[in-house]
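Take these sequences, add in the hints, and give me the full structure.
Taken in order, these protein sequences are the chains called A and B.
Per this note's numbering: the first sequence = residues 1 to 114.
Per this note's numbering: the second sequence = residues 1 to 112.
Everything labelled a hint here was simulated from the structure, so no lab data went into it.
Bear in mind the structure is a predicted one, so any value in this text is a computation, not a measurement.
In this text, a Cβ means the ideal position worked out from N, Cα and C, and glycines have one as well.
Do not rely on the hints blindly, as some may be mistaken.
[Stated by the list, open to error] Part of the chain A face toward chain B, derived, beta carbon under 7 Å: (1) 56; (2) 65; (3) 106.
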Amino acid sequence: GAGVSQSPSNKVTEKGKDVELRCDPISGHTALYWYRQSLGQGLEFLIYFQGNSAPDKSGLPSDRFSAERTGGSVSTLTIQRTQQEDSAVYLCASSLEGANTEAFFGQGTRLTVV
Amino acid sequence: DAKTTQPPSMDCAEGRAANLPCNHSTISGNEYVYWYRQIHSQGPQYIIHGLKNNETNEMASLIITEDRKSSTLILPHATLRDTAVYYCTLRAGGTSYGKLTFGQGTILTVHP
Numbered sequence: 001g002a003g004v005s006q007s008p009s010n011k012v013t014e015k016g017k018d019v020e021l022r023c024d025p026i027s028g029h030t031a032l033y034w035y036r037q038s039l040g041q042g043l044e045f046l047i048y049f050q051g052n053s054a055p056d057k058s059g060l061p062s063d064r065f066s067a068e069r070t071g072g073s074v075s076t077l078t079i080q081r082t083q084q085e086d087s088a089v090y091l092c093a094s095s096l097e098g099a100n101t102e103a104f105f106g107q108g109t110r111l112t113v114v
Numbered sequence: 001d002a003k004t005t006q007p008p009s010m011d012c013a014e015g016r017a018a019n020l021p022c023n024h025s026t027i028s029g030n031e032y033v034y035w036y037r038q039i040h041s042q043g044p045q046y047i048i049h050g051l052k053n054n055e056t057n058e059m060a061s062l063i064i065t066e067d068r069k070s071s072t073l074i075l076p077h078a079t080l081r082d083t084a085v086y087y088c089t090l091r092a093g094g095t096s097y098g099k100l101t102f103g104q105g106t107i108l109t110v111h112p
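Here's what the structure looks like:
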């Protein structure tokens, strides 16, 4: 596809379960970002990938959160032992390298922990 | 902490120009000003960005003051579909890795 694709679009999980969220960036985009947006709040940075490496993980809220990227393309964000406060929309963005290039966002995955 | 400050809300009449201000008094020389908007339940949509010169595209115009400490996004002829949250953000490369830091944004309501 032409844009950033995220799946699933919605996920309901029970507290304590693990979840995986997927991001397919725009082809050729080496930079990939994950953000989280809680209800009524702004976007909170989680992690940045440059190719397959993650030089900035400063936004991950706890060690229950991890992410990986393979082949310089698809990325997965994993949340272990989910808690109710993890409920949010998780957004992925991709861009070419550098600050003078647009970053494009996917539609997000709405995670609800019950 | 976000490095930009925006009014929490603004109103605009349909067909009129919407002028959304943003303060970024601590902007660094290598930081670009980016604007995004987010319509309910959708991912943020890129609008426009600039470094120091004014920019215009099919969606909007961006006016950056000479000292770069503030900017204004202009939607020349607002429509009801422009009702959204508008985010002004800064973006730098290097050790900032191009990440966008979002504040609370401005809720723009366009009314008939």
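Here is how each hint holds up against the structure:
Given the 7 Å rule on beta carbons, the hint for residue 56 of chain A holds: about 5 Å separates it from the nearest Cβ of chain B. Given the 7 Å rule on beta carbons, the hint for residue 65 of chain A is violated: about 16 Å separates it from the nearest Cβ of chain B. Taking 7 Å as the C-beta cut-off, the interface hint given for residue 106 of chain A holds, the closest approach to chain B being about 5 Å.
Checked against the numbered hints above, the structure breaks only hint 2 and satisfies the rest.
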